[in-house]
Amino acid sequence: GAVVSQHPSRVICKSGTSVKIECRSLDFQATTMFWYRQFPKQSLMLMATSNEGSKATYEQGVEKDKFLINHASLTLSTLTVTSAHPEDSSFYICSAGSGGGGLAFFGQGTRLTVV
Amino acid sequence: QKEVEQNSGPLSVPEGAIASLNCTYSDRGSQSFFWYRQYSGKSPELIMFIYSNGDKEDGRFTAQLNKASQYVSLLIRDSQPSDSATYLCAVSYSNSGYALNFGKGTSLLVTP
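Same order as they appear, the protein sequences are chains A and B. One rule links them: number in our numbering = place in the first sequence (from 1) + 72. One rule links them: number in our numbering = place in the second sequence (from 1) + 175.
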């Protein structure tokens, strides 16, 4: 399957600071990427759709000014968690589609801990 | 509200048995259906996908889809302890491209 790489895999930051997470499609171009968040014992929840060259589309209840998404190229989307707080601690996962039919491949995920 | 429902489990089966995982979805407009496996602390890994009614087999895995009943299942034959994980059912809608709506997952435990 297609390869999606996410970095960093784990980050610990202080409350009030910002953290940037990168998502790259390594062997295909992705005009659209997706960002999910997963809290312990919960399922993945779609946060936003990242569109290359245009603004991201956010799901209801997700603060666009807090979770900044930039999709500057066909292989890279970034999620920046601004002014992070302990309640933002979660597992963030990106995905990108390839091959049609809704088939999506996931990055390795980023475990964010805000202290 | 588009819902994807799964029994959280845990589902416990002995090694070598068949594990049966079930999922229902609420939106009849759903187009594509996926099963992902997720180990603790890791990202989901695609196991199977199915688009049409009926069965689809891949090795020890069989996905079954019944759109009339809005039901999709995953059978794992000859279950192994390494199959122990959380299995996530995901649904894609016709106008959402590759965005997926996930169930909460079923925890599977295969005992030696």
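If you're looking for bench data, these hints aren't it; they were derived computationally from the structure. It cannot be assumed that every hint is accurate.
[Claimed, not checked] Keeping only pairs whose Cα atoms sit at most 27 Å apart, straight-line, the calculated BS3-like set for lysine-lysine is:
(1) A:LYS113 / B:LYS177
(2) A:LYS138 / B:LYS242
(3) A:LYS138 / B:LYS217
[Claimed, not checked] Footprint (simulated), chain B over chain A, 3 or more residues, beta carbon under 8 Å:
(4) 141-150
(5) 161-169
(6) 180-186
For every residue, glycine included, the Cβ atom is placed at its ideal position computed from N, Cα and C.
Comparing the hints with the structure gives:
As the CA atoms of LYS113 of chain A and LYS177 of chain B are separated by approximately 20 Å, the hinted pair is consistent with the 27 Å bound. Of the supplied pair hints, the one linking LYS138 of chain A and LYS242 of chain B is violated, its CA atoms being roughly 39 Å apart against a limit of 27 Å. Restraint check for LYS138 of chain A and LYS217 of chain B: the C-alpha separation of about 25 Å stays at or below 27 Å, so the hint holds. Here's how the segment 141-150 of chain A fares: 0 of its residues keep a CB closer than 8 Å to some CB of chain B, so the rule of at least three is not met and the hint is violated.
Chain B is given as covering the segment 161-169 of chain A, and this holds because 5 residues of the stretch bring a CB closer than 8 Å to a CB of that chain, at least three being needed. Given a C-beta distance limit of less than 8 Å, the hint that chain B covers the segment 180-186 of chain A holds, as 3 residues qualify and 3 suffice.
Hint compliance for this structure: hints 2, 4 are not met, and every other hint is.
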